[in-house]
Amino acid sequence: MIVLSKRTFRGGVHPHEYKELSEEKPIEKAKIPEKVVLPLSQNLGAPAKALVEVGAEVKIGQKIADAGGFVSVPLHAPISGKVTSIGNFLHPNGHLAPCIVIEKGDGPQEMELKEVKGWEKLAKDKVLDAVKEAGLVGFGGATFPTHVKLSPPKDKPIDTIILNGAECEPFLTADHRLMLEQPEGIVEGLKILMKITGAKQGIIGIENNKMDAAKALADTIGDDKDIKVVVVKVKYPQGGEKQLIKSVLNREVPPPPGLPMDVGVVVQNVGTAVAVYEAVRYNKPFIERVVTVSGRGVKESKNLMVRIGTLMADLVDQCGGVTDDVDKIIMGGPMMGLSQFDLTVPAVKGTSGILIMRNGDTQTYEEQTCIKCGRCVQACPMKLVPNMLVKLVDNGRFEEAEQMNAMSCIECGSCSFACPAKIWLVQKIKYAKAEINARRKKAS
Amino acid sequence: MPEEKKQVSTKPAAAPEKTQETEEKAIALKPLRFSAAPHLRDADNVPKIMWDVVIATLPAVLAGVYFFGFYAVKVLLITTISALFFDWAGMKLLGNRGSLFDGSAVVTGVLLAMNLPSSAPWWLCVVGGAIAMILGKQCYGGLGNNLFNPALVSRVALLIAWPSAMTTFYKAGNIFSQVTAVSEPTPMGVMKVEMMSNGTVIAAKGISIWDMFVGNIGGSLGEVSGLALVIGGVYLLLRKRITWHIPVIYVGTVFLMTGIFYLINPDKYINPVFHVVGGGLLLGAIFMATDMVTTPVTKSGMIIFGIGCGVIAVIIRLFGSYPEGVSFSILFMNALTPLIDKVTIPKPFGAIKEVANG
Ligand code: SF4
Ligand code: SF4
Numbered sequence: 001m002i003v004l005s006k007r008t009f010r011g012g013v014h015p016h017e018y019k020e021l022s023e024e025k026p027i028e029k030a031k032i033p034e035k036v037v038l039p040l041s042q043n044l045g046a047p048a049k050a051l052v053e054v055g056a057e058v059k060i061g062q063k064i065a066d067a068g069g070f071v072s073v074p075l076h077a078p079i080s081g082k083v084t085s086i087g088n089f090l091h092p093n094g095h096l097a098p099c100i101v102i103e104k105g106d107g108p109q110e111m112e113l114k115e116v117k118g119w120e121k122l123a124k125d126k127v128l129d130a131v132k133e134a135g136l137v138g139f140g141g142a143t144f145p146t147h148v149k150l151s152p153p154k155d156k157p158i159d160t161i162i163l164n165g166a167e168c169e170p171f172l173t174a175d176h177r178l179m180l181e182q183p184e185g186i187v188e189g190l191k192i193l194m195k196i197t198g199a200k201q202g203i204i205g206i207e208n209n210k211m212d213a214a215k216a217l218a219d220t221i222g223d224d225k226d227i228k229v230v231v232v233k234v235k236y237p238q239g240g241e242k243q244l245i246k247s248v249l250n251r252e253v254p255p256p257p258g259l260p261m262d263v264g265v266v267v268q269n270v271g272t273a274v275a276v277y278e279a280v281r282y283n284k285p286f287i288e289r290v291v292t293v294s295g296r297g298v299k300e301s302k303n304l305m306v307r308i309g310t311l312m313a314d315l316v317d318q319c320g321g322v323t324d325d326v327d328k329i330i331m332g333g334p335m336m337g338l339s340q341f342d343l344t345v346p347a348v349k350g351t352s353g354i355l356i357m358r359n360g361d362t363q364t365y366e367e368q369t370c371i372k373c374g375r376c377v378q379a380c381p382m383k384l385v386p387n388m389l390v391k392l393v394d395n396g397r398f399e400e401a402e403q404m405n406a407m408s409c410i411e412c413g414s415c416s417f418a419c420p421a422k423i424w425l426v427q428k429i430k431y432a433k434a435e436i437n438a439r440r441k442k443a444s
Numbered sequence: 001m002p003e004e005k006k007q008v009s010t011k012p013a014a015a016p017e018k019t020q021e022t023e024e025k026a027i028a029l030k031p032l033r034f035s036a037a038p039h040l041r042d043a044d045n046v047p048k049i050m051w052d053v054v055i056a057t058l059p060a061v062l063a064g065v066y067f068f069g070f071y072a073v074k075v076l077l078i079t080t081i082s083a084l085f086f087d088w089a090g091m092k093l094l095g096n097r098g099s100l101f102d103g104s105a106v107v108t109g110v111l112l113a114m115n116l117p118s119s120a121p122w123w124l125c126v127v128g129g130a131i132a133m134i135l136g137k138q139c140y141g142g143l144g145n146n147l148f149n150p151a152l153v154s155r156v157a158l159l160i161a162w163p164s165a166m167t168t169f170y171k172a173g174n175i176f177s178q179v180t181a182v183s184e185p186t187p188m189g190v191m192k193v194e195m196m197s198n199g200t201v202i203a204a205k206g207i208s209i210w211d212m213f214v215g216n217i218g219g220s221l222g223e224v225s226g227l228a229l230v231i232g233g234v235y236l237l238l239r240k241r242i243t244w245h246i247p248v249i250y251v252g253t254v255f256l257m258t259g260i261f262y263l264i265n266p267d268k269y270i271n272p273v274f275h276v277v278g279g280g281l282l283l284g285a286i287f288m289a290t291d292m293v294t295t296p297v298t299k300s301g302m303i304i305f306g307i308g309c310g311v312i313a314v315i316i317r318l319f320g321s322y323p324e325g326v327s328f329s330i331l332f333m334n335a336l337t338p339l340i341d342k343v344t345i346p347k348p349f350g351a352i353k354e355v356a357n358g
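Chains as they are written, first to last, in the working numbering: chain H, 1 to 444; chain E, 1 to 358.
Quick caveat, the hints were computed from the structure, so don't treat them as lab data.
Idealized CB from N, CA, C, for every residue including glycine.
Heads up, none of these hints are tricks.
Over the 10 Å line for every Cβ pair with chain E, so calculated as not near, a few chain H residues:
| id | residue |
| --- | --- |
| 1 | L122 |
| 2 | D159 |
| 3 | R296 |
Okay, the calculated bits of chain E under chain H, using three or more residues with CB under 8 Å as the criterion:
| id | region |
| --- | --- |
| 4 | 41–47 |
| 5 | 339–349 |
Computed beta-carbon distance windows for the label pairs:
| id | chain 1 | residue 1 | chain 2 | residue 2 | range |
| --- | --- | --- | --- | --- | --- |
| 6 | H | E103 | E | P31 | 24 to 34 Å |
| 7 | H | Y365 | E | P121 | 36 to 46 Å |
| 8 | H | E366 | E | A203 | 56 to 66 Å |
| 9 | E | P31 | H | L44 | 25 to 35 Å |
| 10 | H | H14 | E | G252 | 28 to 38 Å |
| 11 | E | S321 | H | T364 | 54 to 64 Å |
| 12 | E | W88 | H | N93 | 43 to 53 Å |
| 13 | E | K342 | H | P257 | 22 to 32 Å |
| 14 | H | D66 | E | R33 | 34 to 44 Å |
| 15 | E | A89 | H | E20 | 46 to 56 Å |
| 16 | E | G252 | H | P153 | 47 to 57 Å |
| 17 | H | N250 | E | K342 | 26 to 36 Å |
Use the sequences and the hints to build the structure in full.
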């Protein structure tokens, strides 16, 4: 069933979508890379702990690092081969980080998927274990370990699972293609998620620029009364967890430390749902994901099924290489993605896109003075007042920034996008958040 | 083709010992732009906003030129040039950031000219530009930092310093026949004098509302034609340069309040339509009270601002000694804007529910 939601969250912006570059391109299997670089920290929380040593032969799907705590996940070999190095390499976040490097060997490079007997009837905790063992994290980019989200404390009952298919970032079409091509996986995944949490209701939230995907999913759902597709307005950041919950259910997640579970909801990306399904039914670990390679600086935009750890250079090569006037490389979407120094960085579990921008596609502006036009205020989906926050940050008044709810900022960048004076609003608010967190730590 | 590919595919680091080679190859890709998200920005910028305001003033400016001919052209030109010069001088003198070409000085210059009588002598225009830019803007640190609307600061300063020069209004003629330097009081002036002297508004009632609406009356250069001002306002609304809140609520408040007084005693108080089109209200509400820099950033703040302006303007008009209260009302609310902004900070997302629950 498709429901058109009339509600939406307040604020937001409308960047140009650029989705036409890749939305018609079916998901293509990327070449098996000669080598993968696997950061031990690909998830929010503690990094994984390596289980292999240099020289070890590994088989595809084999666990090569174990979870480093509860809020952490294990890591698996995405290809068969030999561990050639464990050391510091460039991470997409711009730092050098410990990584395991595997070079391709002779072993099988496709996983043999064996159905787990009686997977449909597994007990809740067994299912949760399967999810945990598969090393799943959120596909959207925040990379929060999936099993943690699915284990709320007893006093926070979950009544609804929302699958996030909004994909509001410009350029990205990975989720869109996934919804079109694997609707069964998504719906099955949703059912499993509902089972784990005991949620009565399952909702797939999609922006109304992807009606074909909504239809494909609705057809797959058939007449299941508990699951529906809710179509929401195109608006950035519709895919923000809190914004989607507001648009779909009209519930507002309380400010930090409030979480979706406080209003009885767990949100998962549609990609995560497919991964959950495959983990439970086939015991398939998280070794590959769909990545959109796009932007005017790449010869041909594509949606690729990519082994985790594949270097961006390999992926870009498969899209015909970059044009001569490449100017900026972004991992993720253009609103929240990370600028990269070069292409030697691996695609990780949270990589939804690789964008190659040409000269003139993106600019860096000099900051001018705020003319108090209020556009940042109108744009902020969290109802903050970015211009005042930034005034406080500029003057080092972090306590006051904290009182003005700086910690509520979801770092969506809508304010900076909208500002005609090109003020670095989100950038400075992020800085304030880091500073406030550091001070809190010191105080405690 | 293969050559080209070789150039761009930077073969990455395999192991630390290979970094040397990696670095060499990575250089094949020329230095990349590196910055924090968001990587996309809206195409709008400050000069675009300012020039749009200038465009929006055109109907009223042209109306002024039509009714006052050469006198209006003179005032407009001298004031704008003076504003540009003193903006530049102020920036240099005080070392403020800003650009002469961001349009903000032209906006202030034109708005100030619109607030001057067409009879204004050249030196008044020059001094007006200087006060607006130096005292009204650059002294505060330049664009974006001023507390008060610079054009209004200047207008009020001139009004206090040279009251007679500022209140000698030429009779509206039209540019095709001759415009003569015959002075005529403004409708608000007629009303005030009458109210003060014998407590009635009979003569003021004789002024045709239609003349006031199109602008065939005495008054400041840019305030006479309500019609032209409204056209400019609609342009600003359509271009999303202003929101409806302040102008509509400001005018609405004046209409409502003067309407109540009119109903109580129509002999003593003039009808509300007269108040809307007979003076500087439309110019003030559409162009001066919507200045982004000096007005609140939140919607609720704008509503408070509009109501405040309306109440103050009516009180001055009906009970004060000045015939016109628009400038004072806006300046007064400008002063309150930081406070309004502070008390209208919205509750963050999710906070309202929490309050409701406990
Ligand atoms: S959008 Fe930019 S210029 Fe406008 S109020 Fe916010 S910070 Fe100031
Ligand atoms: S302040 Fe934070 S939440 Fe609000 S628009 Fe800016 S980045 Fe988004």
